[in-house]
Amino acid sequence: MRKLFALLSLLVVASMLLAACGTTAPTAAPAEPEVVEPAPTDAPEVTEPTAAPETPGFTSPDATTFVIAESEVGIDTLDPALAYDTASAEVIQNTYETLVFYDGEATDAFVPMLAESWEVSEDGSVYTFKIRSGVKFHQGGDMTPSDVAYSFQRGLLQGGYSSPQWLLAEPFFGVGNDDVSIVVDGEGACADDRECLSALPAEDLVAACEKVQGAIVADDAAGTVTMTLAGPWGPFLPTIAQTWGSVMDKEWVIETGGWDGSCDTWQNFYGMSSADDPFSTIANGTGPFTLEKFANGEEIILARNESYWREPAKLERVVLKSVPEWGTRFSMMQAGDADLATVPSANRSQMDELVGEKCVFSIETNAYTCEVVDDTMPFRVRLGRPGISQDVILYNWNIATSEESPNPYIGSGTMDGNGVPADFFSDVHVRRGFSYAFDWETFISDVYNGEATQSFQLTLPGMPGFFLDTPHYTLDLEKSAEEFKMADLDKDGIPAGEDPEGDVWTVGFRVQMAYNQGNPTRQTTAEILAGNLAEVNELFVVETLGLPWPAYLRSQRAKQIPLMTGGWLEDIHDPHNWYQPYTTGTYGGRQSLPQDVKDQFSAILDRGVSETDPAARAEIYKEANQLYYDLAVGTPLVLATGHGFSQRWVQGVILNPIFPGLYYYTIYKD
Amino acid sequence: MVNYIIRRLLLVPLLLFGVTVLIFVMMSFLQPVERLALYMRDFPKNEKAIPALIAKYDLDKPIYVQYWNWLMGKVDSASGERSGGILFGDFGYSRSQSQPVSELIKRRFPATLELTIWAVAPVILVGIWLGVQAAVHHNGFIDQAARVFSIIGTSFPTFVFGLLMLMIFYANLQWFPPGRISDEFARIIESEAFHRYTTLYTFDAILNGRFDIFLDAMRHLLMPILTLSYISWATFLRVTRGSMLETLRMEYVTTARAKGLPERDVIYKHAQPNAMLPVVTMAGFSVVGLLAGAVMTETVFNYPGIGSAAVRAATSLDVVAMLGFALFDGFILIIAALVVDIMYALVDPRVRLS
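Going down the list, the sequences are from chains A and B.
The numbering of the first sequence is the numbering used here, which starts it at -2 and goes up by one.
The numbering of the second sequence is the numbering used here, which starts it at 718 and goes up by one.
Honestly, the hints are just simulated from the structure, not real lab data.
One side only, chain A facing chain B, incomplete, derived with CB under 7 Å:
(1) V316
(2) V320
(3) E322
(4) G324
(5) T325
(6) Q331
(7) E401
(8) S402
(9) L544
Once the Cα atoms are required to be at most 20 Å apart in a straight line, the calculated EDC-like pairs of lysine to aspartate or glutamate come out as:
(10) K133/A x E113/A
(11) K778/B x E401/A
(12) K290/A x E907/B
If the Cβ cut is set under 10 Å, some of the chain B residues that face chain A in the computed set are:
(13) R758
(14) P768
(15) R812
(16) Q816
(17) L821
(18) F876
(19) P895
(20) E901
(21) A903
(22) P1021
(23) S1025
(24) V1028
(25) L1034
The C-beta atom is built at its ideal place from N, Cα and C for all residues, glycine as well.
Work out the full structure, taking the sequences as your base and the hints as a guide.
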C-alpha cells in the first residue's frame, strides 16, 4: 500500500512538473511562403491579405480539418430567407451562394458569383443578371435562372420582421415598405400574423404575389434574371451580396415542404418562424461546403463540396464546436486541437502571453502588417482594425405583458419598487437617467483594455452623417438623478422628485437587463449600468440575466425584454443601414417605439436614402443624430478595434469585416 | 425475498404517480403561455393569438384536465394529431435548445449513461477499498494519508479539479482530450457501416470490433471519470472508514478473532459485509447523481451528456426543459431506490424479514 501511495504521489508530482515545463504548442516547423492561388474564374479571388512573416511558423497536426471552438453553437435557422443572425449566416455563407460577392476585403466592391455579369438600366432601377451555367446544388440539381427568381420571390413573400427581408423589401417595394404585408393592404396591419394575413381578400393576396413575381423575372432560355426595383437604390448590390440573397433549389424546396411557387398559397408561409421552418436544420446550396452534421448546441460539421463549380476548397472539413467553458477552449487552443476560439475580452491577456506573431492593421494601407514577436509561441493576434458593429443599450418603451402572458423580466409589473410597469421606459427622463448612468471609461478599460472609443452616434466613421462633435451622453450621476427626479411615471403631472404620493425616485424599481449568455461584454454592460444606478439611488435595482442566444432572440422578438443591449453588424456601409433598424425597423420594433416617434425618423430617413449627394446626406443624418439623442431612444456604447487570435498555421483568411463569420473557402493550414 | 421484491415493485407505480404530480404542480406555477411549450414548438409572435392557443390546449381548464392532457397529450379533433403527453414520451419543447425535450434526453442520455457505467466502479469500489484500508490501518500512515486525501477531495471544487486535470493532461501533455470522441471516429460512428447497438460508444466499438474507437472513447472518458472519482472517493472513504471502525469494535468481530480466524477473513468476510449498509445507500444515490448528469464535470470536459444540457436549460430559464429533465431524473431515482432496497435486502436479511 505504501508503495502504491508513493507511486501515485510521484505520478502527480511528475505530471505537475511536466505541466510546468511542458511546451504549450506543437513543434515549430519552418514556414513555407504563403500561396496566392489564382482564381479559376472571374469569381472572387483567393487572396491572403496578411503579409506572411519570413520566420519559422507552426504546423497543424491535421491540415484537412478546421476546428472553431465557440462559446455556443446556437444556430437559429439555416433558411437563407429567414436567418438574420451572424451564427446562422456564417454557416449559410459557406453552404449557399449569392449572385454577386464581396471583392476580397472590400465592403463596397463586388465580383460575380452565381451571376456571370449584370447590367443596370440608365435610371438605376432595373438590374439584369446573366446567370452562370453548369452550377449544381449539393443534392445534384442544376442551378437555373428560375431558381434564382424563385429564391428572391420566396424570401420577399415569406417576409416577416424577424427576418432580413426588409433589406430586400425596401428596394423592391419602395422606402418604408419593408414587408410584403404592407404591399397587401397598404398598411401592414397583418405584419407578422399569418392567420390575419390569410384572412385578407384573396385578390389582394394574389395581387401582392403577382407584384413580387412581376418584379423578379427569370428567362431560362436567355439565362437571365431581371429585377425591377421601385426606384433607384444605390446600395442594391451590397444588399443582395449577403446571405438573404442566397439561391435555393426550387424543386428541392417544394419537395421538402416549402412554398410551391403559386400565388394562391404564399400566405401559408408568411412570417415563418425558425421552429416551424423545414429548412432550419438542413441545407442544399451551391456553396463550397455541404452540411455534414447539424447538432445544434453541440457541433456543426461542414464537408468540402467535391462537385463545386470552382476549384474545391482546400479544407476537407470545418467543425464548429460548442465549448461553453473558456478554460476548455483555452486548453484546446494550447493543445492545437482548435484553430480558432471565442476569446472573451477578459481572457485576452491569457492568449496574449502565447502570441508568437503580431499583425497590426493600418488604416492608411487598409492592410495588416505582421511580425514574429516570439518564435516559440503558437498564436497569431490581429489588432487595430475598427469594427463595423456596435452595441446600443435599448429601452423597451412598451414591454409586452398581459394577464395571460405575464412578463418574467419586470418583477411585479407595477411601480411598487419591486418591478416596473410596462410603459416604464416611455418616459424620456427615465431613459436619459439610464443614459447618464453608464460609465464608458470603465467599460472601455475593463472590457476592451482600452481598445475602443466611445460611440457618440449610430453612424460609423467614413459614412455620411458621422460627426465627432455630435451631442452625446457621458457618465454623470448627478444629471442622472436630476432626470429621474423629473420623470412622472404615475402621470399625475408632478415630477418624481417632488411627488408626495411617491414616484420612481422615492419608490424605486426592479428590472431585469438581459444579455446573451457567453457574452461577458454585454454582461459587463449590464453590471456597470446596474452598479451606477444603485449609486444614483439605492432603490434602483437592475438585475442581470444571461440567456442563450436563441432564447434571447426570441424574447426580444416577443418584445418582452425591458432592457437589453442590441448589437448591430452593419449589412451595408451606409447610415440608412444603421438608422433604419435602430428606429423604424428591427430594434425599433423590439423597443416598441410608438408610431409618432417612428414617423419622425421615417421622414428623415426617406430624405436620406433618396439623396445622392454625400454632403447633403450628411446634413440629413445630422438631424437623425440630434433626434436620437434628444429622445434618448438608445445609448450607443463603443466602437471597438479588433483583437482576434488564431493558430499561426491558419492561412488564407479573408478578413472582410462585413462577413458574418469566416469564409472557409479560401482558408488553408500549413 | 421474492415477496419483498414484489411488495417493493408494487410501490413503483405509486411513486411514479407521486413524481408526476409533484412535477406537474411545479409546472402549474408557470403561466399558461409558458406551458404552451408543452404542446407547441414556437412561441407565438402575435400576442393576439395567445388566448386562442391557451384555450386550444385547455390551459385554462381545471387542473385535473390539464394533468390528464399532460399525461396523455392533447389530440386535435380536426387533424387527429397528438401534441404533448409524457406517457407517450413527449416532455414538451425546449426553447433554449430548439428541440423537443425527449429528443434532447434521447440524444444526451447515452453519453451520461456511458460515463456512469465506467465511473461507477472506480467511484464506489475504490472509495470503499480506501475506506476499508484506512479503518484497518487505524491511526497508521495509510489512515492519516487517507484522511488528508479525503479532506482535500471534499474541499476541492469539481470545476477547479477538472480544469487542473485538463490543463495538465490535455493542454500540456495532450494525452486525454475533452469531448466524447475524436472527430475522425465520430464520422465512423455516424456512418452506416458502424452498427449502433447501444449508442454507447465503448460498447458499440467492441461489438463492431473497432478497438481503436474503444480506446479513443476511453481516452475521452478517463479525465471525467478521474474527476468524478476523486471528488466522490473522499466521501466514500469517510463513510466506509467510520462504518468499518464501528463494526471492527463489535463483539462478534472479537469473537471471530478469538476463534483464531485469519485477520483477512475477519475483515473481509465478517466485518466488511456488515459495514456496507450505509455505503450501499450512498452508492445508490451516487449512481443516481451520476445518471442525472455530472453537471460540472460534463461542462468542464465538454462532455455532451444530460448534465451540460440541463445547465443550459437552467441558465436560460427554460423551465419546461428543466422540469422535463427533473421528471426523467425522478424516474431514474425511483428505479435506483428500488435497486438499492433490493440490495439492502440481499446484504441485510433483517430488512426482508421485517
